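K.L.:
Residues 3 to 299 (this note's numbering) are what the sequence shown spells out, left to right.
Source of the hints: derived by calculation from the structure; they are not laboratory data.
It cannot be assumed that every hint is accurate.
[What the hints assert, rightly or not] In silico EDC-like cross-links for lysine to aspartate or glutamate, where the CA-CA straight-line distance does not exceed 20 angstroms: (1) Lys201 / Asp92; (2) Lys125 / Glu101; (3) Lys201 / Glu18; (4) Lys193 / Glu148; (5) Lys134 / Glu148; (6) Lys232 / Glu148; (7) Lys107 / Glu18; (8) Lys147 / Asp113; (9) Lys125 / Glu195; (10) Lys103 / Asp36; (11) Lys193 / Asp110; (12) Lys232 / Glu195; (13) Lys107 / Glu162; (14) Lys16 / Asp110; (15) Lys107 / Glu195; (16) Lys193 / Glu162; (17) Lys103 / Glu148; (18) Lys125 / Glu162; (19) Lys49 / Asp95.
[To be verified] Estimated spans, in silico, between C-beta atoms of each pair: (20) Ile280 / Cys53: 31 to 41 angstroms; (21) Arg81 / Leu251: 52 to 62 angstroms; (22) Gly189 / Arg62: 25 to 35 angstroms; (23) Pro169 / Asp122: 32 to 42 angstroms; (24) Thr4 / Arg62: 16 to 26 angstroms; (25) Arg130 / Val257: 43 to 53 angstroms; (26) Gln216 / Gly261: 37 to 47 angstroms; (27) Asp30 / Ile280: 30 to 40 angstroms; (28) Ala270 / Arg81: 38 to 48 angstroms.
Model, not experiment: these values are computed from the prediction.
Even glycine gets a Cβ: it sits at the ideal position worked out from N, Cα and C.
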Amino acid sequence: MTALDIIVPVFNEKIEVVLNLVARLKSDLGSWDDATIIVVDDGSERKFNLCRLSDEAGIRFVCHPTNQGYGEALKTGIRAGSAPWIAIIDADDTYPVDELKNLIKQMDHADMVVGARTGDIRKIPWLRRFPKYMLNRLASYMAGKEIRDLNSGMRIFSRELCYQLWPFFPKGFSFTSTLTMGALLGGLQVKEEQINYYKRAGNSSIRPVKDTFQFIHIILRMGILFHPMKLFIPIAIFLASIGFIKGFLRDLFVVGYIGNLSIMLMLAGLQIFLMGYIAELIVINRLWGYKKKRNRP
Numbered sequence: 003m004t005a006l007d008i009i010v011p012v013f014n015e016k017i018e019v020v021l022n023l024v025a026r027l028k029s030d031l032g033s034w035d036d037a038t039i040i041v042v043d044d045g046s047e048r049k050f051n052l053c054r055l056s057d058e059a060g061i062r063f064v065c066h067p068t069n070q071g072y073g074e075a076l077k078t079g080i081r082a083g084s085a086p087w088i089a090i091i092d093a094d095d096t097y098p099v100d101e102l103k104n105l106i107k108q109m110d111h112a113d114m115v116v117g118a119r120t121g122d123i124r125k126i127p128w129l130r131r132f133p134k135y136m137l138n139r140l141a142s143y144m145a146g147k148e149i150r151d152l153n154s155g156m157r158i159f160s161r162e163l164c165y166q167l168w169p170f171f172p173k174g175f176s177f178t179s180t181l182t183m184g185a186l187l188g189g190l191q192v193k194e195e196q197i198n199y200y201k202r203a204g205n206s207s208i209r210p211v212k213d214t215f216q217f218i219h220i221i222l223r224m225g226i227l228f229h230p231m232k233l234f235i236p237i238a239i240f241l242a243s244i245g246f247i248k249g250f251l252r253d254l255f256v257v258g259y260i261g262n263l264s265i266m267l268m269l270a271g272l273q274i275f276l277m278g279y280i281a282e283l284i285v286i287n288r289l290w291g292y293k294k295k296r297n298r299p
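Input sequences plus hints: build the corresponding full structure.
P.N.:
Listed below in structure tokens is the structure:
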């Protein structure tokens, strides 16, 4: 069997909840000899801190002295392991541990397998549902493929994929969004498997407004890095269309000539289109060079 590292990021989760999750992981993966569970305490308060716990067979505890963010906790856990495959799962009791084995079965057929929170049980707070839906739609447009769950915290991916995208990973909750967008826009194979999502144990550390804008920023940044025309073309068409409508359907009939503003809008549309086209050529050249490098003997 292929070796697997399971990263469990923790911040102010009750110790008994975390230890129960670890026990269930060990039980479900009992026949998996090469699985290592890596629990990363991201600077939790003293009453929640796991640093006093000792490593045992198949389980490692890593601690940050101060809180550094969800993404940084995952990166610490990934660096602490060495297996070719990496699984992540949140420690708040929201994800179905027993479904991890189903995700593992898909590893040979994809670069990443995501547990999409689209099952019959979906305990997602109502205030987060609409922003989540809009983020998934924006991400799907930029990636050119339907994304049902952009930032699921339960997934399995290859270490190779992770290291390809390492420079782009943020410290916060956008780690998973970056991973999804980078894999899809890079043309890699991503599978989504339906899972349930339960009510969390304890309070969430997500900041709905700030983190939503951060997710949008990540989507647009990854889109520009891998498929810039997806962003540039709509803007170019919008500006050029406004300029054309104003110039040819209004200015000519009202004043008898095309005004400066109309010409500027059309030229701006053309300029943005050309900028996007050049950016697209740069991306294609970069990806072609990377694939050529990978195929060297």
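K.L.:
Hint by hint, say whether it matches the structure.
P.N.:
Here's how the hints hold up against the structure:
no.	hint	in the structure
1	Lys201 / Asp92	holds (12 angstroms)
2	Lys125 / Glu101	holds (17 angstroms)
3	Lys201 / Glu18	holds (17 angstroms)
4	Lys193 / Glu148	holds (11 angstroms)
5	Lys134 / Glu148	holds (14 angstroms)
6	Lys232 / Glu148	holds (15 angstroms)
7	Lys107 / Glu18	violated (29 angstroms)
8	Lys147 / Asp113	holds (16 angstroms)
9	Lys125 / Glu195	holds (17 angstroms)
10	Lys103 / Asp36	holds (14 angstroms)
11	Lys193 / Asp110	holds (11 angstroms)
12	Lys232 / Glu195	violated (27 angstroms)
13	Lys107 / Glu162	holds (19 angstroms)
14	Lys16 / Asp110	violated (35 angstroms)
15	Lys107 / Glu195	holds (11 angstroms)
16	Lys193 / Glu162	holds (17 angstroms)
17	Lys103 / Glu148	violated (24 angstroms)
18	Lys125 / Glu162	violated (33 angstroms)
19	Lys49 / Asp95	holds (19 angstroms)
20	Ile280 / Cys53: 31 to 41 angstroms	violated (51 angstroms)
21	Arg81 / Leu251: 52 to 62 angstroms	holds (60 angstroms)
22	Gly189 / Arg62: 25 to 35 angstroms	holds (34 angstroms)
23	Pro169 / Asp122: 32 to 42 angstroms	holds (39 angstroms)
24	Thr4 / Arg62: 16 to 26 angstroms	holds (19 angstroms)
25	Arg130 / Val257: 43 to 53 angstroms	holds (51 angstroms)
26	Gln216 / Gly261: 37 to 47 angstroms	holds (41 angstroms)
27	Asp30 / Ile280: 30 to 40 angstroms	violated (50 angstroms)
28	Ala270 / Arg81: 38 to 48 angstroms	holds (46 angstroms)
Hints 7, 12, 14, 17, 18, 20, 27 from the list above are not met by this structure, while the remaining hints are.
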